[in-house]
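Q: Now for the letters of each chain:
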Amino acid sequence: MNLPKKQSWRRLHSRFEPGFKRMLLLSVAIHFLVPVLYTGVLYFSPPREKPPVYRVNLVNKPVKNPQAGRPEASPKKKKTVTKAKPKPKPVVKSKPKPAPKPKPEAKKVVKPKPKPEPVAKPEPTISKAQEQDFQQKIEAMRREKEREDRLAALRAELEKEREKIAAETPVGEVTGKGDEEGIAYASFVKAFITEQWRLSKYQLPSLNLEAEWKLIYNAEGQLIHKKVVSGSGNKMFDDSLLRAIMKSQNLGRELEEQTEFEVTFNLREMQN
Amino acid sequence: MIIGRKVLLLLLTLLFSVSSAGAVKIEISAPGEQEIPLALTSFLPMGTAQPEIAAEINAVLQADLGLSGLFSLVDRASFLSDADKLGLSSVLVDFSQWKLLGAEAVIKGGYRVEGGRLIVEARLFDVISRRMLTGRRYIGKPEEARRIAHTFADQVMLSMTGTKGPFSSRIAYISNRTGKKELYLMEVDGHAPIRLTNHRGIVLNPDFSPVGKELIFTSYKKGNPDLYRKEIYAGREARLSHRQGLNIGGRYSPDGREIAVTLSKDKNSELYLLGTDGTIHKRLTNHWGIDVDPSWSPAGDKVAFVSDRRGNPHVYIVDVDSLEVKRLTFDGKYNATPAWSPNGERIAFARMENGSFDIYTIKPDGSDERRLTFGSGNKEHPRWSPDSRFLVYSLDRDGEKAIYLMRADGTGNRRISAAGGDDSHPAWSGYW
Amino acid sequence: MQKITLTRLFILLVLVTLLSAGCAKKAAMDDTQATDGTQAVEETQMQEQEISAVEEQPVSDMAAGDTNAAMMEAETLVRKLTRIYFDFDQYVLTKTAQDTLYANAQILKAAPALKVVVEGHCDERGSDEYNLALGEKRAIATKNYLVSLGVPMDQLSTISYGEEVPLDMGGSEDAWAKNRRAEFTLQR
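Respectively, the protein sequence lines represent chains A, B and C. Its first residue numbered 626, the first sequence is counted upward by one per residue in this note's numbering. Its first residue numbered 1056, the second sequence is counted upward by one per residue in this note's numbering. Its first residue numbered 166, the third sequence is counted upward by one per residue in this note's numbering.
No lab work stands behind these hints: they were computed from the structure. This structure is a prediction, so every number in the text was calculated from the model and none was measured. Some hints could be false.
Keeping only pairs whose Cα atoms sit at most 25 angstroms apart, straight-line, the calculated SDA-like set for lysine to any residue is [stated by the list, open to error]: (1) Lys826/A <-> Asp1244/B; (2) Lys1388/B <-> Ser337/C; (3) Lys1196/B <-> Arg1172/B.
Chain A with its partners taken away, still in its complex shape:
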């Protein structure tokens, strides 16, 4: 085709349909507009909140309270487990206190507060006036205690509210699977049951063991159904799982709804 440039241009031009120029212009405009619209430089958009950063410890045991440190989160109190740890402290502390009181000491241990001592150390010789004085003081302390109890109850309620808020936001999830609702509970239940599971590698002939359980927790966090799907074939391993699950009857927090869990237990992390 050795047509001069001008001629070929004219030819092309004449080949166009009447509305072609308009179409071309429109096409170019759209091609230009869409990316501009997409990036949103033309219209105002509220500054997006940066998603909060969660520190997830992948190396150590799952943390009981992944929310710890967040401003709206609050420390959850688990009644069965955490009591075990501060236990030795009150006993040790109460030891230097008057020795000839072994029984009240035992009672003191149950309450994590060693401070409010059995109020009156009844002294053998005491006048009536002093006794009345003491009674008044006891009353005062009792009222004080009631006030504190009410305050504690209120605080507990507040914490519950906070927990609800905290629970609805996504928590660091190790596997990165699942939708937002699933992540929070799966991670929590996994951490909880793992914490209850005690097993020594010296009890086993090999680390290639695996078992599967089906657990159903109701919305209050109570275990309402448990069933073995498949056993490992090793009695020590299976017994240890039963113990762990028996200790996991009460999660200590609410789930959004009744949930069924399929839990696979193995020792992959211990194999090296």
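Once you have looked at the hints, place chains B and C on chain A.
A: Same frame as chain A, now just chains B and C:
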């Protein structure tokens, strides 16, 4: 119709959104704690109190169960009132107290001395399921408190692992405390050592018979390294092999009917099989190199041994029937003192690396070699416990030789021989 | 060197024989005088007993009245046989070892009545069992070399002590080198 279809569509989407919250899958790939928290209470007197007995039982249980690696001990200071109650059956134990302390297992017991006899009641409870896992009553003499405690520790191991523990067995060894190397016997925790020989020369390398309470060993009593057998309780001694040259490294076959030994009567050290009367049944090796240190497989069909046929000492395995020899170790320049575990799964041996010896284990097929010991000193002569969970070995460091125990994975190292002498060549008996 | 020692020994031998002869003569003389008084007789008898007691004990040093000259001579001879040393995990004779053994062979050949045990030893490193076998190989290698130099076979026997009898317990490279040896003792 259209509206109906829309409603149907809506319902379906609702259905899916609800059922998407179905079974949640979780994988837990390690326990939260790899030790079982155990509350070991002091045994309580059921009659007159004899605190020494309770203290001995407690010390023995603590040492044995600590060596097992299964447990972490709950601090005694935190024990509550149930620790002071006898509680010999599960209905009498207040498990909630123990659960509060975080214990998952509790050991309780009582003892009574009457009419010259010591009676010990011992119990192991499971706190979570609130039941007794194992219970025993032992009757013996007051001086047998340690032995009773060892037996109960064996029972606890059986209950927790499915295999009986080795704590009631014995360890034979060579010591030069008298100035000469003689044969000694002690308990697994190093207690009650007794001297068995009075040869006043050099005694070496003992091995227990699997059937009777006998030991074979090598002695220079008559001026030549000869193979002797000694009955431990009767005290009778017999010279099994006194052929010219070496009669060393005697090892009983697992059925106790033959002895593998190194003889050099033909001017070269080779492995032979002798009968228990000392007659030669079979020659196992035929090579101009040094062939020593036999160790039987638990099936009795193979013998691991040390040979320098390729230049440096390495561990080989010979088939007792076909006499076919296969090489086991390839790494290192000096591998010696093989010991085949009673469950047949691993062979322990010592390898010299950078001038000092350390203990390794390897599978009989030559795979999965693992180093068990580290640090200074020479660790040699590993021997297995009858349950294959522990190893005894001799450690030569800073001019002193002592005998140590450890778990089969190399953890839990502890010395069991007393200071003040050179102790070596340990051998672990079967279940006593 | 060898010639001088031999003559010295010969002289020693003669002297000792004379001494012992002298002692015997004394006893005989006392006997002839005995008829005069009983006391004299008892004295000589006691003297005789003393001499016989001395004779029963093998004494390595030169004790007065030692009649077992052969034993003493043997001990001295054996002490002249020098040790040889080996490299780690080797039973091959080094050049130095071979030279030493050549010298030892001459002593042995000159005293064919001397029965010697060749002891093989190792340093404390390594398996005890393996070292017993290695020690034996060292002893046998030494014996074979001596035999090849003309020493009669039945003059030598071998034994291995492995790592059980170290000379130097220092645990250092020097100490170990000293322990890897073959040495010679009198056969009893």
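Q: Would you list, in rising numerical order, the hints stated earlier that this structure does not obey?
A: Result: no hint breaks.
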